[in-house]
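Colleague: Could you put the whole structure together from the sequences, leaning on the hints where they help?
Given next are the chains, with one letter for each unit.
There are 2 protein chains.
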Amino acid sequence: MLTIAVDAMGGDHAPECVVEGVVKALQESSNRFEIILIGQAEKVEPLLAAHDTASLNLRFMHAPEVVTMDDIPATAVKAKQDSSLVRGLQLCKAKQADAFVSAGNTGAQMAASLFVLGRLPGVLRPTIYAYFPRIQEGLTNIVDVGANVDCKPENLVQFAEMLTIYQRYGAGIEKPMTGLLNIGEEETKGSETLKQAYRLLKEADSKGKVNFIGNIEGHDILKGHATIVVCDGLVGNTILKFGESIPEFIGALLKQSLEQHLVSGQIDQNTAKLTSSMFKGMLEPFDVEKFGGVPFLGVDGISIVGHGRSSSRAIKNMIYMAEHMVEKKVNQHIAEVLAEE
Amino acid sequence: MLTIAVDAMGGDHAPECVVEGVVKALQESSNRFEIILIGQAEKVEPLLAAHDTASLNLRFMHAPEVVTMDDIPATAVKAKQDSSLVRGLQLCKAKQADAFVSAGNTGAQMAASLFVLGRLPGVLRPTIYAYFPRIQEGLTNIVDVGANVDCKPENLVQFAEMLTIYQRYGAGIEKPMTGLLNIGEEETKGSETLKQAYRLLKEADSKGKVNFIGNIEGHDILKGHATIVVCDGLVGNTILKFGESIPEFIGALLKQSLEQHLVSGQIDQNTAKLTSSMFKGMLEPFDVEKFGGVPFLGVDGISIVGHGRSSSRAIKNMIYMAEHMVEKKVNQHIAEVLAEE
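Residue numbers (my numbering), protein chains in the order written: chain A, 1 to 341; chain B, 1001 to 1341.
Zero decoy hints are in this set.
Pairwise CB distance ranges, derived in the manner of DEER restraints:
| hint | chain 1 | residue 1 | chain 2 | residue 2 | range |
| --- | --- | --- | --- | --- | --- |
| 1 | B | D1012 | A | L2 | 51 to 57 Å |
| 2 | A | D150 | B | E1259 | 43 to 49 Å |
| 3 | A | S30 | B | D1012 | 56 to 62 Å |
| 4 | B | T1188 | A | K280 | 36 to 42 Å |
| 5 | A | D268 | B | Q1256 | 21 to 27 Å |
| 6 | A | Q332 | B | K1152 | 42 to 48 Å |
| 7 | A | E192 | B | E1042 | 40 to 46 Å |
| 8 | B | A1074 | A | D268 | 58 to 64 Å |
| 9 | B | E1248 | A | T68 | 38 to 44 Å |
| 10 | A | D52 | B | R1199 | 55 to 61 Å |
| 11 | B | R1199 | A | Q269 | 52 to 58 Å |
| 12 | A | V263 | B | P1064 | 52 to 58 Å |
Among the chain B residues that face chain A by a calculated CB cut under 7 Å, a handful are:
| hint | residue |
| --- | --- |
| 13 | E1217 |
| 14 | H1219 |
| 15 | F1249 |
| 16 | T1271 |
FYI, nobody ran anything at the bench for these hints, they're computed from the structure. In this text, a Cβ means the ideal position worked out from N, Cα and C, and glycines have one as well.
Modeller: And the structure:
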């Protein structure tokens, strides 16, 4: 049976939401895996007391320290060895857990994962990706979304290779199409880094490591021309956060528009309500919680990174994602492919 | 009276739309300025023949060559000296025109503007910006959006300074707030280039050249936290094109949603039509044609760059933008401020 370590203290709504998410995951899956919940006893135990934990495959582990959103990633791991973050990753390192899940400080989790777990053989830099809705069926995956701000061409190529492996084994997409995000389609476009990345991606394509479709542009992301969009962490992080702000923006526009139409008598209250609810449903593809979180690709272990805003549903889905990563042996496949290079 | 040179051959719908736009601008403004329309006589003259050009303050100038979307920017200017693009810019250089307007190959227009007109004193690299809608009143301006893919810190600072001057004199915003686009708010975030740009922007702020509010992130763009968003051309170009694709994406989601609601009987045809039209109105802030185009900031002359998709209305508005740039003496102000450095 798999054992998944969960950071009780990570996320804007922790530990309440994390406790709820863990309980839901175990109930819904009929205790399919074991969960070790790690956090401050004085905060977590009273929350656990509200549930029938005796029926759950759940262990609690006390960790006195907490890594907060204000902690500096690079120093948090050394300064807070007794935090739920570091303890959880150490359980993975010691093979006492198969995966670790947190919705806390993303930068700190990445730094700690790298420090405690190390890299898979052949990996230059681990990376983190994000999902994006698209017009076509399926999802667009953008990599990197903030783990690596300055990237060399070979980093970009490895991001594509690792995400291709995840898509292939984790999502069942045999040949996910990879596009290089650039200012134009021609291979002569962009910075020297992008031109060189283009050449290396073509090489990787000829070796069957990626399915490279060439340069793509900003307007291709939502259209879904590529399943994997490769860019540096500054571009990816900006696009990700920009995308996340669209529902709020569209919602604000709708509110204004509905008010104007109500005042002018073009619509009645019922139509306004119907339109509002239709909108909410419509923007559901932007729901980042469906998957909960993403694996930090390239580290020698499974560390699932969640959004700070994570609800209990997101936490639950992150636990399932952790299980999925173990079962599909994604890391073994990454090590095999990248070690060849 | 001002003289504005217009490239008849630039844009996806040229020369038809350009001729229409020029005629509209002159009619609407009661011949407030003179227009020199430049293009291939065999294509443009028959279109002009459909209008009462005798009543318009319009001159036609033949240029046998055309710079197409496929021409490589760096070589087009030398290879096609007899194009409407190069001829139009040469009219500006020779002071026979006060401004030049085109909706053609943007890269070629920028290269040709730089080559023919040169830079204003003190300008390291000219730049191009774009408008963005926002929740708050007004517009967000992103700079650079593709003219400069690799940027040094001092380039980013100058982009902010030039756009601040444009906002101040051209748009009447005395102290437009400038944000540096980054992966986090803290000044320690991002690449070395961004950290150094942060320091230089603080210096520029202390000299009153910009009103720097610090780092901003992708989700701040539509919220409108900053009037000026500074980034390199790869990030800006990607965000711009991504943003332009939102209406189509939202439209596709709406179409699906309306169909489902119609099938399930939750709405009737009338409500569906009303909702559709409400949507179109709602997404009007994404209408890029309202302003037509933007000035290429930092060149020693006025070169207005338009979207390839430009309609006659966009062309008309670009002509007004050219007039505005001359009248507000934006270039003189840029030269004054940047020459100090």
